[in-house]
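The primary structure of each chain is shown beneath.
2 protein chains.
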Amino acid sequence: MRRVSIGLLGLGQIGSEVYRVISRKRSLFQKRYDVRFDITKILVKNTKKKRFKSLDSKLLTSKPSDVLKDPSIDLVIELVGGVALAKKFVLEAFRNGKDVVTANKALLAEEGESIYKEAKKLGRQIFFEASVGGGIPVIKSLREGLAANHIHSILGIINGTSNYILTQMSQHGVDFDVALQEAQAKGYAELDPTFDIEGVDAAHKIAILARYSFEQKIPFKSVDCEGIKHISQHDIDFAKRFGYSIKLLAIAKKQKDGIEARVQPTLLPNNHILAKVDGSFNAILFEGDEVGEVLLYGKGAGPEPTASAVLSDVIDWAKGIRSNLPRTSKSQVKVKSISSILSRYYLRFSVIDKPGTLSYISGILGKHNVSISNVIQTEKKSGTTVPLILLTYKGHEADIRTAVKKIDSNRSVIREKTRVIRIES
Amino acid sequence: MRRVSIGLLGLGQIGSEVYRVISRKRSLFQKRYDVRFDITKILVKNTKKKRFKSLDSKLLTSKPSDVLKDPSIDLVIELVGGVALAKKFVLEAFRNGKDVVTANKALLAEEGESIYKEAKKLGRQIFFEASVGGGIPVIKSLREGLAANHIHSILGIINGTSNYILTQMSQHGVDFDVALQEAQAKGYAELDPTFDIEGVDAAHKIAILARYSFEQKIPFKSVDCEGIKHISQHDIDFAKRFGYSIKLLAIAKKQKDGIEARVQPTLLPNNHILAKVDGSFNAILFEGDEVGEVLLYGKGAGPEPTASAVLSDVIDWAKGIRSNLPRTSKSQVKVKSISSILSRYYLRFSVIDKPGTLSYISGILGKHNVSISNVIQTEKKSGTTVPLILLTYKGHEADIRTAVKKIDSNRSVIREKTRVIRIES
Numbered sequence: 001m002r003r004v005s006i007g008l009l010g011l012g013q014i015g016s017e018v019y020r021v022i023s024r025k026r027s028l029f030q031k032r033y034d035v036r037f038d039i040t041k042i043l044v045k046n047t048k049k050k051r052f053k054s055l056d057s058k059l060l061t062s063k064p065s066d067v068l069k070d071p072s073i074d075l076v077i078e079l080v081g082g083v084a085l086a087k088k089f090v091l092e093a094f095r096n097g098k099d100v101v102t103a104n105k106a107l108l109a110e111e112g113e114s115i116y117k118e119a120k121k122l123g124r125q126i127f128f129e130a131s132v133g134g135g136i137p138v139i140k141s142l143r144e145g146l147a148a149n150h151i152h153s154i155l156g157i158i159n160g161t162s163n164y165i166l167t168q169m170s171q172h173g174v175d176f177d178v179a180l181q182e183a184q185a186k187g188y189a190e191l192d193p194t195f196d197i198e199g200v201d202a203a204h205k206i207a208i209l210a211r212y213s214f215e216q217k218i219p220f221k222s223v224d225c226e227g228i229k230h231i232s233q234h235d236i237d238f239a240k241r242f243g244y245s246i247k248l249l250a251i252a253k254k255q256k257d258g259i260e261a262r263v264q265p266t267l268l269p270n271n272h273i274l275a276k277v278d279g280s281f282n283a284i285l286f287e288g289d290e291v292g293e294v295l296l297y298g299k300g301a302g303p304e305p306t307a308s309a310v311l312s313d314v315i316d317w318a319k320g321i322r323s324n325l326p327r328t329s330k331s332q333v334k335v336k337s338i339s340s341i342l343s344r345y346y347l348r349f350s351v352i353d354k355p356g357t358l359s360y361i362s363g364i365l366g367k368h369n370v371s372i373s374n375v376i377q378t379e380k381k382s383g384t385t386v387p388l389i390l391l392t393y394k395g396h397e398a399d400i401r402t403a404v405k406k407i408d409s410n411r412s413v414i415r416e417k418t419r420v421i422r423i424e425s
Numbered sequence: 001m002r003r004v005s006i007g008l009l010g011l012g013q014i015g016s017e018v019y020r021v022i023s024r025k026r027s028l029f030q031k032r033y034d035v036r037f038d039i040t041k042i043l044v045k046n047t048k049k050k051r052f053k054s055l056d057s058k059l060l061t062s063k064p065s066d067v068l069k070d071p072s073i074d075l076v077i078e079l080v081g082g083v084a085l086a087k088k089f090v091l092e093a094f095r096n097g098k099d100v101v102t103a104n105k106a107l108l109a110e111e112g113e114s115i116y117k118e119a120k121k122l123g124r125q126i127f128f129e130a131s132v133g134g135g136i137p138v139i140k141s142l143r144e145g146l147a148a149n150h151i152h153s154i155l156g157i158i159n160g161t162s163n164y165i166l167t168q169m170s171q172h173g174v175d176f177d178v179a180l181q182e183a184q185a186k187g188y189a190e191l192d193p194t195f196d197i198e199g200v201d202a203a204h205k206i207a208i209l210a211r212y213s214f215e216q217k218i219p220f221k222s223v224d225c226e227g228i229k230h231i232s233q234h235d236i237d238f239a240k241r242f243g244y245s246i247k248l249l250a251i252a253k254k255q256k257d258g259i260e261a262r263v264q265p266t267l268l269p270n271n272h273i274l275a276k277v278d279g280s281f282n283a284i285l286f287e288g289d290e291v292g293e294v295l296l297y298g299k300g301a302g303p304e305p306t307a308s309a310v311l312s313d314v315i316d317w318a319k320g321i322r323s324n325l326p327r328t329s330k331s332q333v334k335v336k337s338i339s340s341i342l343s344r345y346y347l348r349f350s351v352i353d354k355p356g357t358l359s360y361i362s363g364i365l366g367k368h369n370v371s372i373s374n375v376i377q378t379e380k381k382s383g384t385t386v387p388l389i390l391l392t393y394k395g396h397e398a399d400i401r402t403a404v405k406k407i408d409s410n411r412s413v414i415r416e417k418t419r420v421i422r423i424e425s
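Going down the list, the sequences are from chains A and B. Counting along the first sequence from 1, when you hit position 111 you're at 111 in the numbering used here, and nothing is skipped either side. Counting along the second sequence from 1, when you hit position 201 you're at 201 in the numbering used here, and nothing is skipped either side.
In case anyone wonders, no lab produced these hints; they're calculated from the structure. Glycine included, C-beta positions come from ideal geometry on N, C-alpha and C. Do not take every clue at face value.
[Unchecked claim] Here are the simulated distance ranges between beta carbons:
(1) S114/A x M1/B: 45 to 51 Å
(2) V375/B x T194/A: 50 to 56 Å
(3) D56/A x H230/B: 43 to 49 Å
(4) K121/B x K69/A: 41 to 47 Å
[To be verified] Capping the alpha-carbon separation at 30 Å, the derived lysine-lysine pairs in DSS-like fashion look like this:
(5) K319/B x K276/B
(6) K394/A x K276/B
(7) K254/B x K394/B
(8) K25/B x K336/A
(9) K240/B x K240/A
(10) K406/A x K367/A
(11) K254/A x K31/B
(12) K31/A x K336/B
(13) K394/A x K405/A
(14) K25/B x K117/A
(15) K229/B x K254/B
(16) K254/A x K319/B
[Said to hold, decoys possible] Looking from chain A toward chain B, a few residues come up when the C-beta cut is under 8 Å (computed):
(17) K25
(18) E144
(19) A148
(20) N149
(21) E287
(22) G288
(23) G292
(24) L296
(25) G298
Just need the whole structure built from these sequences, with the hints factored in.
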């Protein structure tokens with residue numbers, strides 16, 4: 001039987017759960033995989049802090065080198081989070097001949113290239129199943145399960161907090177602020193929810209998936225990122241009237257003329273499988289050239305699902321399954337700027353109701369090559385502000401933006417900034 | 001670069017697609033995985049038959065030993081289907097030192113134990129991703145992605161034909177026979193659709209999944225199997241009125257007192273994620289102790305998705321990832337007989353409408369410890385037959401059967417055999 005000595009960096013919620021599962025299932029893993037796992041050192045900030053009962057406090061240290069330079073440690077699990085320090089630790093682990101398992105999406109999205117480069121140079125491996133989609137085997141599926149495919153597109157609901165908030169708004173008619181507070185009370189959202197609701201967390205994850213799937217570098221700043229905080233109950237209601245749900249979608253598509261990579265609130269037709277993913281669940285829809293559509297769905301966060309993913313990497317490592325660094329194929333295409341994409345759009349104008357408004361707005365859209373597919377204009381009280389909702393056929397983002405900017409600048413027609421939400425079908 | 005010489009047994013739709021993908025993507029696989037795959041022999045019944053253009057007909061043979069005994073062949077892909085002959089070929093391959101990739105669910109469900117035993121004895125491997133769920137990485141997820149979990153339950157929509165038929169019946173109000181003809185016209189259903197519509201195909205697949213997940217032998221005959229051919233438009237309509245969809249579900253659950261393994265038409269609440277899986281799509285919902293619910297969804301059949309799965313196995317094999325034979329843990333529990341399960345039920349009685357009927361029926365159910373949760377009794381015309389639909393709380397299958405048998409035997413009350421459909425929540 002093989003013995004694997006593991007060094008743990010960080011003992012927060014996920015680290016604690018990883019520790020507990022390894023303790024609780026040690027004999028199961030021995031039987032199943034013929035490997036005995038032992039966590040032999042744990043890096044924490046404060047070794048005196050009171051923690052959970054089953055913890056062997058002799059394992060704690062506040063000196064990184066106690067883990068990173070210990071020659072008896074075979075594998076390092078990085079769960080400190082953040083970018084700069086985590087990067088330092090991972091590179092240090094590589095240089096000391098240790099492979100790494102991490103759950104750190106920010107690290108890989110922002111500093112992945114230098115990490116992969118160093119791993120390649122030193123012949124080291126880095127596993128990161130837990131960085132996307134909690135316990136859902138997303139990376140494993142890309143790396144192995146769909147190994148015979150070219151992946152053309154990825155659509156993901158990969159931020160549970162945002163999906164919980166949008167689901168609450170849609171199902172219970174509550175406002176964004178109320179839904180956010182609920183999410184915080186339930187532990188789905190952080191005290192500072194900025195990364196979640198502004199789409200940064202989802203952007204980190206889609207950058208990792210696109211990097212792996214499309215076999216080319218995806219500079220994190222090239223991922224256009226828009227969160228859900230401007231989505232109102234109005235938008236959700238009007239979307240419903242057209243047969244759509246609003247979801248925070250992470251999108252990556254490889255096309256001949258470039259790669260699209262972005263996070264955005266999106267109108268999805270109600271019969272789309274992703275429109276049915278509610279609450280704090282995550283789902284990732286891959287489209288491969290052989291397999292067609294494959295959807296993976298589950299809890300995208302939380303200590304137990306994330307520990308499940310971390311341990312699947314640890315077990316893979318012990319079985320000799322290699323992490324395979326993301327490849328960089330020779331045929332590279334540029335990541336498109338957001339202004340160059342083609343999409344359908346939902347436009348909610350706040351118009352001052354008077355004769356000729358619809359004609360004026362549709363005229364400007366028409367001049368910019370934007371055709372209208374659906375219209376809702378609600379009951380009119382002359383002289384007041386009313387919402388005018390248009391769905392468009394496919395148009396260029398740049399055209400839409402120019403047209404809407406022009407319309408919005410006419411203060412005798414428009415009362416508030418027009419809400420623009422892309423439609424995915 | 002490694003070279004892998006592959007022998008193909010069978011050149012039907014799936015075999016042909018495997019051949020074409022290996023030809024078309026040879027250089028991609030070389031670049032990605034540093035392996036060159038060559039199909040060097042193909043067993044067919046008729047070497048003279050005209051096939052697709054890109055085929056090198058010199059590779060064809062009608063002698064099994066040309067593939068199985070060729071020492072230059074490293075790996076055998078078994079796609080002949082059926083049980084007896086396939087078993088013979090697989091064992092022969094093992095004995096000649098060759099590992100096997102197969103898509104054959106009947107073989108593994110019915111003869112898996114002797115195959116696994118022989119593989120173990122000879123130190124050989126057998127990969128079978130393509131046997132369940134087409135291109136969806138189901139086996140891979142169980143074997144590796146969810147490796148840290150105890151799997152408690154599996155619910156699957158794993159027969160695309162049945163799901164297509166039920167979806168057509170539900171969405172377009174067509175009858176079973178019409179929907180079946182459509183499925184045949186679209187190529188979803190075989191000319192002889194018995195295995196699909198009677199649930200045998202789904203039973204094969206759930207037997208394989210339960211065997212792997214629960215780490216114990218599942219005799220195929222212990223999997224209770226009921227198909228969809230008795231489902232009528234009435235049942236679908238009444239289910240809708242209660243907020244349910246009817247799906248052909250494959251179910252496997254591990255409980256303290258035994259394993260449940262069965263295939264059945266099932267009422268699923270509309271907000272259940274599996275209720276949203278429509279058309280010919282498949283989906284498998286695992287429940288693991290760490291990860292919670294994980295759903296995998298995609299095309300469950302067809303040459304391209306199935307070839308994608310076969311090739312993922314071939315690539316795994318070439319990378320040195322082992323197939324891991326299903327384990328047999330020491331703590332075995334019996335597979336429960338269907339009469340011992342607990343479930344909620346939908347009961348559709350065809351009653352002769354007269355006073356006291358509801359009281360009579362509910363009285364007998366009550367005496368057998370079956371409590372009623374919902375009732376629909378439609379408009380009455382005295383003396384004619386009307387449907388009476390009851391949903392029950394959880395009750396014992398044996399009690400339900402006894403009660404319904406007793407009710408059905410009273411020909412002064414009941415006109416037709418009562419329809420009993422289980423409810424999963």
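Taking the hints in turn, this is what the structure says about them:
With their beta carbons about 28 Å apart, S114/A and M1/B fall outside the hinted range of 45 to 51 Å. Evaluation of the 50 to 56 Å hint for V375/B and T194/A yields a pass: the beta carbon distance comes to about 52 Å. At roughly 59 Å, the beta carbons of D56/A and H230/B sit outside the given window of 43 to 49 Å. A C-beta distance of roughly 46 Å is found between K121/B and K69/A, which places it inside the suggested range of 41 to 47 Å.
Under the criterion of a C-alpha separation no larger than 30 Å, the hint pairing K319/B with K276/B is inconsistent with the structure, at around 37 Å. A distance of roughly 28 Å separates the Cα atoms of K394/A and K276/B; the hinted pair therefore holds under the 30 Å criterion. Between K254/B and K394/B the CA atoms are separated by roughly 18 Å; this keeps the pair inside 30 Å, and the hint holds. A distance of roughly 27 Å separates the Cα atoms of K25/B and K336/A; the hinted pair therefore holds under the 30 Å criterion.
For the hint linking K240/B to K240/A, the alpha-carbon distance of about 21 Å falls within 30 Å, and the restraint holds. Between the alpha carbons of K406/A and K367/A the distance comes to roughly 11 Å, so the proposed pair stays at or under 30 Å and holds. For the given pair, K254/A sits about 19 Å from K31/B by alpha-carbon distance, which is consistent with the 30 Å threshold. At most 30 Å may separate the alpha-carbon atoms for a hinted pair to count; K31/A and K336/B meet this at roughly 26 Å.
Straight-line distance between C-alpha atoms of K394/A and K405/A comes to about 18 Å, which keeps the hinted pair within the 30 Å bound. For the suggested pair K25/B and K117/A, the alpha carbons sit about 27 Å apart, so the restraint of at most 30 Å is met. In summary, the hint linking K229/B to K254/B is supported, as the alpha carbons are separated by about 28 Å, within the 30 Å threshold. Proximity of K254/A to K319/B is assessed by CA-CA distance (about 27 Å); at most 30 Å being required, the pair is judged to hold.
Hint on K25/A holds. Least Cβ distance to chain B is approximately 7 Å, under the 8 Å limit. With its C-beta approaching chain B no nearer than about 6 Å, E144/A sits inside the 8 Å limit, and its interface hint holds. For A148/A, the suggested interface contact is upheld, since its CB lies about 4 Å from the closest CB of chain B, less than 8 Å. The interface hint given for N149/A holds, since its Cβ lies 6 Å from the closest Cβ of chain B, which is under the 8 Å cut-off.
Proximity of E287/A to chain B is violated relative to the hint, the smallest CB-CB distance being about 10 Å (cut-off 8 Å). Against a cut-off of 8 Å between C-beta atoms, the interface hint on G288/A holds, since the closest Cβ of chain B lies about 7 Å away. The interface hint given for G292/A holds, since its Cβ lies 5 Å from the closest Cβ of chain B, which is under the 8 Å cut-off. About 6 Å separates the beta-carbon of L296/A from the nearest beta-carbon of chain B, less than 8 Å, and the hint is met.
For G298/A, the suggested interface contact is upheld, since its CB lies about 4 Å from the closest CB of chain B, less than 8 Å.
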